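Residue numbers (my numbering), protein chains in the order written: chain A, 1 to 285; chain B, 1 to 528; chain C, 1 to 327.
Because the hints were derived from the structure by calculation, they are not lab data. Quantities reported herein were computed from a predicted structural model and do not represent experimental measurements. The reader is advised that the hints may include incorrect statements.
Unchecked claim - Example chain B residues on the side facing chain C (calculated, C-beta under 10 angstroms, incomplete):
#1 S63
#2 D107
#3 A146
#4 L147
#5 D215
#6 D246
#7 T256
#8 D345
#9 P349
#10 N351
#11 D353
#12 K356
#13 F411
Unchecked claim - Here are the simulated DSSO-like pairs of lysine-lysine, each with C-alpha atoms no more than 27 angstroms apart in a straight line:
#14 B:K216 with C:K53
#15 C:K53 with B:K482
#16 A:K150 with B:K233
#17 B:K233 with B:K213
#18 C:K254 with B:K201
#19 B:K93 with C:K53
#20 B:K321 with B:K337
#21 B:K373 with A:K150
#22 C:K53 with B:K465
#23 B:K337 with A:K150
#24 B:K337 with C:K53
#25 B:K462 with B:K449
#26 C:K53 with B:K90
#27 B:K449 with B:K396
#28 B:K189 with B:K103
#29 B:K189 with B:K216
#30 B:K143 with B:K226
#31 B:K226 with B:K120
#32 B:K233 with B:K120
#33 B:K233 with B:K189
The beta-carbon is built from N, C-alpha and C at its ideal position, and this holds for glycine as well.
Each chain is listed here by its residues.
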Amino acid sequence: MTTRTASSASSAVPARDRAGRPPRTLVAGLVLLALIVLAVALIPILSPYDPIAEDIAAMLQPPSPVHPFGTDQLGRDILTRVAAAGRIDLALMVGVEAAPFVIGTAAGLVAGFYGGWPDRVITLLSDALIAFPFYLLVAVVAFVTGTGMKGIFLTFLIMGWIIFARTVKGATASLASAEWVESARVMGFSDWSILTRQMLPNVLSQAVAVLVSDMVALLVAIVTLGYLGLGIAPPTPDWGTMIADGQSFLATRWWVSTLPGCAVVLVGIALALIGDGLNDARRDA
Amino acid sequence: MTTKNLKKGLRGALAAGIAAVLALSLAACSQTGGQTTSATGESGANGQSQTTFTYARSAAVTSFNLWTEITSNNAFAIDKVFEPLVSFDKDGKIIDWLAKSHKISDDGLTYTFTLRDGLKFSDGTDVTAADAVFSIKQHQAEKDAALPLTADIASVDAPDDKTVEIKLNSAYTPLLAELANFSNGIVPKDFGGKSESAFFKNPVGTGPFVVSKWDKSGDLTFAKNKNYWQQGKPGIDKLVYKVVEDGTQAVNQLKTGEVDGIESPALENIDELADGADTKIETTGSWVTDELFFNTADEHFSDVHVRRALAYALNRDDVTKAVTFGHAVTANTVLPKAIRYSTQDSIKPLNNDQAKAKSELEQSKYPQGFSAKILVPSGNNAYQQTAQLLQSAAAKIGVKLDIDSVDMATFRSRFKAFDYQIMINSAQADYPDADSIIDFQADPDGFSKSYWTSYSNDEVTKELKQAQVTPDGDERAALYEKIQQTLADEVPYIPLYSSDIVKAVRKNVNGLEVLPNDSVRFQDVTLG
Amino acid sequence: MTSMTKPRYAALARWLGGVVVHAALVLALVTVGVFLIVRLVPGDPAQMVLGLKASPAQIADMRHRLGIDQPIGRQFTSFVTTLLTTGDTGESIAYHVSSRALVLDRLPVSLWLVGCSAALVVAISLPLAMTAALHRGSWIDQLVRIVPTVTLGMPEFWVGLVLVLVLAVTLRIFPVGGTQPGIDGMLYSMALPSLTIALAQTPFIVRSLRTRILEVLGADFVTTLRAAGLSRRAIRRHVMRNALLPALQLYGMKVSFLIGGTLVVEQVFGLRGVGTLLFAAITARDFPLIQAVAMYCAIGVVLVSTLVRVAGGLIDYRVREGRGGEE
Numbered sequence: 001m002t003t004r005t006a007s008s009a010s011s012a013v014p015a016r017d018r019a020g021r022p023p024r025t026l027v028a029g030l031v032l033l034a035l036i037v038l039a040v041a042l043i044p045i046l047s048p049y050d051p052i053a054e055d056i057a058a059m060l061q062p063p064s065p066v067h068p069f070g071t072d073q074l075g076r077d078i079l080t081r082v083a084a085a086g087r088i089d090l091a092l093m094v095g096v097e098a099a100p101f102v103i104g105t106a107a108g109l110v111a112g113f114y115g116g117w118p119d120r121v122i123t124l125l126s127d128a129l130i131a132f133p134f135y136l137l138v139a140v141v142a143f144v145t146g147t148g149m150k151g152i153f154l155t156f157l158i159m160g161w162i163i164f165a166r167t168v169k170g171a172t173a174s175l176a177s178a179e180w181v182e183s184a185r186v187m188g189f190s191d192w193s194i195l196t197r198q199m200l201p202n203v204l205s206q207a208v209a210v211l212v213s214d215m216v217a218l219l220v221a222i223v224t225l226g227y228l229g230l231g232i233a234p235p236t237p238d239w240g241t242m243i244a245d246g247q248s249f250l251a252t253r254w255w256v257s258t259l260p261g262c263a264v265v266l267v268g269i270a271l272a273l274i275g276d277g278l279n280d281a282r283r284d285a
Numbered sequence: 001m002t003t004k005n006l007k008k009g010l011r012g013a014l015a016a017g018i019a020a021v022l023a024l025s026l027a028a029c030s031q032t033g034g035q036t037t038s039a040t041g042e043s044g045a046n047g048q049s050q051t052t053f054t055y056a057r058s059a060a061v062t063s064f065n066l067w068t069e070i071t072s073n074n075a076f077a078i079d080k081v082f083e084p085l086v087s088f089d090k091d092g093k094i095i096d097w098l099a100k101s102h103k104i105s106d107d108g109l110t111y112t113f114t115l116r117d118g119l120k121f122s123d124g125t126d127v128t129a130a131d132a133v134f135s136i137k138q139h140q141a142e143k144d145a146a147l148p149l150t151a152d153i154a155s156v157d158a159p160d161d162k163t164v165e166i167k168l169n170s171a172y173t174p175l176l177a178e179l180a181n182f183s184n185g186i187v188p189k190d191f192g193g194k195s196e197s198a199f200f201k202n203p204v205g206t207g208p209f210v211v212s213k214w215d216k217s218g219d220l221t222f223a224k225n226k227n228y229w230q231q232g233k234p235g236i237d238k239l240v241y242k243v244v245e246d247g248t249q250a251v252n253q254l255k256t257g258e259v260d261g262i263e264s265p266a267l268e269n270i271d272e273l274a275d276g277a278d279t280k281i282e283t284t285g286s287w288v289t290d291e292l293f294f295n296t297a298d299e300h301f302s303d304v305h306v307r308r309a310l311a312y313a314l315n316r317d318d319v320t321k322a323v324t325f326g327h328a329v330t331a332n333t334v335l336p337k338a339i340r341y342s343t344q345d346s347i348k349p350l351n352n353d354q355a356k357a358k359s360e361l362e363q364s365k366y367p368q369g370f371s372a373k374i375l376v377p378s379g380n381n382a383y384q385q386t387a388q389l390l391q392s393a394a395a396k397i398g399v400k401l402d403i404d405s406v407d408m409a410t411f412r413s414r415f416k417a418f419d420y421q422i423m424i425n426s427a428q429a430d431y432p433d434a435d436s437i438i439d440f441q442a443d444p445d446g447f448s449k450s451y452w453t454s455y456s457n458d459e460v461t462k463e464l465k466q467a468q469v470t471p472d473g474d475e476r477a478a479l480y481e482k483i484q485q486t487l488a489d490e491v492p493y494i495p496l497y498s499s500d501i502v503k504a505v506r507k508n509v510n511g512l513e514v515l516p517n518d519s520v521r522f523q524d525v526t527l528g
Numbered sequence: 001m002t003s004m005t006k007p008r009y010a011a012l013a014r015w016l017g018g019v020v021v022h023a024a025l026v027l028a029l030v031t032v033g034v035f036l037i038v039r040l041v042p043g044d045p046a047q048m049v050l051g052l053k054a055s056p057a058q059i060a061d062m063r064h065r066l067g068i069d070q071p072i073g074r075q076f077t078s079f080v081t082t083l084l085t086t087g088d089t090g091e092s093i094a095y096h097v098s099s100r101a102l103v104l105d106r107l108p109v110s111l112w113l114v115g116c117s118a119a120l121v122v123a124i125s126l127p128l129a130m131t132a133a134l135h136r137g138s139w140i141d142q143l144v145r146i147v148p149t150v151t152l153g154m155p156e157f158w159v160g161l162v163l164v165l166v167l168a169v170t171l172r173i174f175p176v177g178g179t180q181p182g183i184d185g186m187l188y189s190m191a192l193p194s195l196t197i198a199l200a201q202t203p204f205i206v207r208s209l210r211t212r213i214l215e216v217l218g219a220d221f222v223t224t225l226r227a228a229g230l231s232r233r234a235i236r237r238h239v240m241r242n243a244l245l246p247a248l249q250l251y252g253m254k255v256s257f258l259i260g261g262t263l264v265v266e267q268v269f270g271l272r273g274v275g276t277l278l279f280a281a282i283t284a285r286d287f288p289l290i291q292a293v294a295m296y297c298a299i300g301v302v303l304v305s306t307l308v309r310v311a312g313g314l315i316d317y318r319v320r321e322g323r324g325g326e327e
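Next up, chain A with everything else stripped away, as it sits in the complex (with noise of 0.2 angstroms):
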């Protein structure tokens, strides 16, 4: 009754935003991402300060025309320092997502277009990884690795994966018993050529919404990782050391901690526009 093909959903689906115009969404997201990779490119460049140099007697002042957003521990201008560690954190965002989408992508054509063990092996894997406590994980890879980026970037690269590879399978399942496979196998075709040529196109759309849904976690998880002690080792500056590092003077200093989640969550809200954006485009194409 409810088959999803994707052809039925996006033809189902009544188009309401005019053809040819992207969403509106879509457009805010992309503004809002800009102004911030903007703000996040200029701001260290026109400060009078240096994110990482300390002025002990300028310690934890309150905002004021000559810091916005106060100082920190190290009497550091915070603008500064979110400026400078947007750059890294937008970056890493951006490097720490490719492989495991990459990966994750590639698993779930293959699982999904072939099933049998490949996809048994696949997903047994990806629910073992599920299964497995994420923060023991964490943990494990910032023990080995010492904490910082290369942590990072090898926990998401062995947990990262398993939601393209989940999201990418249902796509291409359900492309897979479609008709015309069954007659471009007939024709000749390699299923090299079939996965790559028809599938992927057809189920990238899918992967890349998630993708961007999976930013907004995969900064938080940073974000959250330097509370516990195991994110971005310092002097790097880094949203997540930052707020971590401010927690504790929350009900006296508002703005250490506070002001480095407003980038956060302004991320978060452009990236959510860009994914929902993207989702309405695909369904209304």
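Following the hints, complete the assembly by docking chains B and C onto the known chain A.
Same frame as chain A, but now just chains B and C:
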């Protein structure tokens, strides 16, 4: 009253609201629900006159074995149940405790203690000198002793019921201070007829409290010892050690009165609690110094000029200010001021001086600078901040330092295997004698190899051995003064700061005595 | 493409058997994985138990008593033997009591937390998603989609801290942390912690639920129902039934992630559940305890996902054939 009612009403309405929503999930877990909570601060159901003091601590009490335990979660529970012959006060001065007096012979070989009258264990039996002799001998025999008695003891005897006599083969001045440690508390002879393991599950001592309810991974409830030798004390009926792992959570529970005190409030929260509407702080000087340690076996840090260069480069006052929020003194020497013979106020330390830092580096094997790593335990905010300050200071003289942040267990394994170049760590005296710190930090022959720095200076070694046998007085003071200056000049470690011991309590708490070893005495506590 | 010709019950039994075997394999993988991984990590439980001033001889002695000086193969056989004979993973190194007992003691708090937050998520998401979908494109829809994204970028510990500060410390409406006795006390104590978790999860769930509902609304059968002149309410019921299953599956995955993953919220609210227990065990390198927590959490995850799969499979045979739409 009205706010209470409002709160109750809200609570009821809320519970009802959520209950409706949760019906499904509740069915799944309700059969396991009820048993999980144990008594907390409010549940003084068995009588209005009961007063309970709830103390928030970050870790559970796991053992009462006074000889094998050392970590503070256990030590500061053990010292509520067992008491030694001598103890120390707020300033670290040694005072008679279960002994009403003590005498040390002029040759330093015989220690004689006379017990107080009317001493009883918590089960009502009398305390005799035989109990003390048993306790000390048992401690000596303990293979796993965490703080073993290091004196060369010839005999421990009880000439009569009230007298304990310890004879030494060679003089050892720190003995009296060592005996003041919680690990030399007095247990009943032959554990009162029980097996050792059974005894420590249900310990009997002379202390102000007895164990009443104990969850080894959670809260511990003490009841007052009705046979306590200090008449009319303790002033509270129950003492609850409540495990609150998160520091911010503990602060909030103190503010709302869910706990009456916090054992280790974070330094950054202290001002807030000191000025709080319902909270205040109690404080004293500590026996702890936080230090930067150099691995002197490392090619770079074997060079004394490199170490001196970094000492001159670092502004210790900045470190102190940034990470302790004014609740510490910048340390000039390894001996905290609260320990006798500390030269904190008279020593000549290597204070921040950029020119001298540069010239020291020029005299070293690495005039052009070099790269190295600072080993820091992750999750320790103060050390993370300190490492960053050191990093900036070193960068200014051309030394590039990277921060290697690892978890506590890895940290410990690494430095104990001498697998580090610079680390930040703390050094604590276990008992109020200079030797407790100097021996551990400067004796290359001990297993700690000068606190894992491999630092060795024959002159210092000789002097510290000499100080162990020199009776207290000017001669001993001179020896420690010389040692401290040598250590400051040769810099196997840079003393950074010595934080105050701070406890945060509710405003109505009176009589809490804070001790320099980070413990507290509860027997005088009353709730106003 | 398997067994449509065979009797239905035989096919069902075979499929159920497959699910069980799969669950067992997952558990075995996790158990062995945890065993190996915690022993390959640097850090020594003996060092952590004995403290800073223990001599090398004392440490060696402790390592021997804990059995961690033996080759890893021998350790593994003795671990498996203990597990199979006693059902326990051994005495906790840090707490000197049975690891299983410790886990079972802490489990209820975590289950309450997971249960309450799951219920709260559903209670918040369902009406929101329904309203948004039925008013697609309107300002209500935009609002429902955008407002929750604000909490998307907020880390749980921060949300938790702010909730405590405002609702517990300042307004004194809720307890700061810990748990209180009785079912109402428990609900009262769980209010803020589960709200914290719910705020983090609601955005995902609302949005995917809304998407599902839209897809179902657009499906052929709904068009047919509409054409047949069914009432709005009846249609709504049909839509709900068809949209709920995929949403349930999606949420099943989230819930299983929550098991053992409530560490941060437990820590912020001073709840003593399995999350904080696991973290303490990791910090102390308490091997038997890590093993026990990991195993029980894995059992929980496998149980939840198997139940979701079975429920889904029984309702919709497509899932049985591996054509399930997971997203």
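So which hints don't hold here, by number, going up?
2, 8, 9, 10, 11, 12, 16, 18, 23, 27, 30
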